[in-house]
Amino acid sequence: MTFSQLQVLITAIDTGSFTKAAQTLNMTQPAISHAISGLEAELGVTLLYRDRKKGLILTDIGERTLIHIRAVMNHLEKVEQEVAAEKGLEVGTIRIGSFVSASTKFLPKIIKIFKQKYPSLKIVISEGTLGEIEEWLSNKVVDVGFTILPRKGMDVISIVKEKMVVVLPHTHPLYNKELINIHDLDNKPLILCGGGFESPIISIFKENRVNLRAEYTVSHINTMLKMIQEGLGIAIVPNFFIAHLPDDLCIRNLEPKFCREIALAVPSLKEASISVKLFIEEMQILVKTFEE
80 MTFSQLQVLI
90 TAIDTGSFTK
100 AAQTLNMTQP
110 AISHAISGLE
120 AELGVTLLYR
130 DRKKGLILTD
140 IGERTLIHIR
150 AVMNHLEKVE
160 QEVAAEKGLE
170 VGTIRIGSFV
180 SASTKFLPKI
190 IKIFKQKYPS
200 LKIVISEGTL
210 GEIEEWLSNK
220 VVDVGFTILP
230 RKGMDVISIV
240 KEKMVVVLPH
250 THPLYNKELI
260 NIHDLDNKPL
270 ILCGGGFESP
280 IISIFKENRV
290 NLRAEYTVSH
300 INTMLKMIQE
310 GLGIAIVPNF
320 FIAHLPDDLC
330 IRNLEPKFCR
340 EIALAVPSLK
350 EASISVKLFI
360 EEMQILVKTF
370 EE
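By the count of this note's numbering, the sequence shown reaches residue 371 at its end, each step adding exactly one.
Any given hint might turn out to be false.
Ranges between beta-carbon positions, derived for each pair [as the list claims (entries may be wrong)]:
hint: 1; residue 1: V151; residue 2: Y128; range: 19 to 25 Å
hint: 2; residue 1: S282; residue 2: T302; range: 20 to 26 Å
hint: 3; residue 1: E121; residue 2: K231; range: 36 to 42 Å
hint: 4; residue 1: S282; residue 2: Y128; range: 39 to 45 Å
In silico DSBU-like cross-links for lysine-lysine, where the CA-CA straight-line distance does not exceed 30 Å [stated by the list, open to error]:
hint: 5; residue 1: K305; residue 2: K256
hint: 6; residue 1: K231; residue 2: K157
hint: 7; residue 1: K191; residue 2: K201
hint: 8; residue 1: K157; residue 2: K191
hint: 9; residue 1: K367; residue 2: K336
hint: 10; residue 1: K356; residue 2: K367
hint: 11; residue 1: K256; residue 2: K267
hint: 12; residue 1: K231; residue 2: K349
hint: 13; residue 1: K267; residue 2: K336
These aren't lab readings, by the way, just hints derived from the structure by calculation.
Positions of the beta carbon are idealized from the N, C-alpha and C atoms, including for glycine.
Whole structure, please, built from the sequences with the hints as guidance.
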């Protein structure tokens, strides 16, 4: 097996086709096919096959093997980073898994910081659900991922706690209450926003034995605000997300008070690469500016 063969296989799977892999690696499509065929011949197994509708599909042994291949490639990259660091350079790739709301708040600023301070470091972003991010971390698809605490089975570094508040229209029966108790929301129509918002909300309802009536679930907070304006329900969101609230909506504190705690997760902080540790350090510095 060669470094090139392993890189070709990973790129083909990540891009979903030999054609896209060839474009990414600046190779011809026959060269991509030849590299993977050679790898399969050497191993004596079929790692993937092409489906006209679904594209490239890993076989069972291909899925199991790919986890180890990603680990090998990550270790090789760590070697390159260690050598570069000895020379006073920062090089490599940071693969980040993020859910939508974390991407919106953190990624534009942290990417700008890295472009200025570490121009030779490349950042690759994959957005998905919390479950997908956990799977990507387990399978070495990403190096570090945003998550919501509590989270088991990985090393986590808490970066920020966000107070959750209620957003409702002026016409809502609870408008006159300065403090809304969680029991006031029993079986009331709620609009949930996916992408990392829903997990702590589900937990607080379960802990207080209150019936969560999730009338709608949307993927973007602006959609959620428009639906609240139309009287379709109310919502619970992190306080920082409602800095520019429409005039006909208001926020109310929730009792008992609870927070959404965002953290960074890595399979092993001890084994994390130099670039990942730099990312974690810069994120910890960045979140302090949100608190000031």
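For a C-alpha distance cap of 30 Å, please report whether K231 and K349 respect it. holds, 17 Å
Pairwise hint evaluation, K367 against K356, where the allowed Cα distance is 30 Å at most: holds, 17 Å
Hinted pair K231 and K157, Cα distance within 30 Å: holds, 25 Å
Between the alpha carbons of K267 and K336, is the straight-line distance 30 Å or under? Holds, because 19 Å separates the two Cα atoms, which is no more than 30 Å.
Mind checking the alpha carbons of K305 and K256 for me, to see if they're no more than 30 Å apart? Holds, at roughly 22 Å.
Taking the Cβ atom of E121 and the Cβ atom of K231, is their distance within the range 36 to 42 Å? Once the Cβ atoms are compared, 38 Å apart, the range 36 to 42 Å for K231 and E121 holds.
Distance restraint evaluation - S282, Y128, Cβ atoms, bounds 39 to 45 Å: Check passed, 42 Å falls within 39 to 45 Å.
Can you confirm whether the C-alpha distance between K157 and K191 stays at or below 30 Å? holds, 23 Å
Within 20 to 26 Å: is that where the Cβ-Cβ distance between S282 and T302 falls? holds, 23 Å
Given the hinted pair K367 and K336, is their alpha-carbon gap at most 30 Å? holds, 22 Å
Measure nothing beyond the straight line between the CA atoms of K256 and K267; if it is 30 Å or shorter, mark the hint as holding. Holds: K256 and K267 sit about 15 Å apart, inside 30 Å.
Under the criterion that the straight-line Cα-Cα distance not exceed 30 Å, is the pair K191, K201 satisfied? holds, 12 Å
Against the hints set out earlier in the document, no violation occurs for any number.
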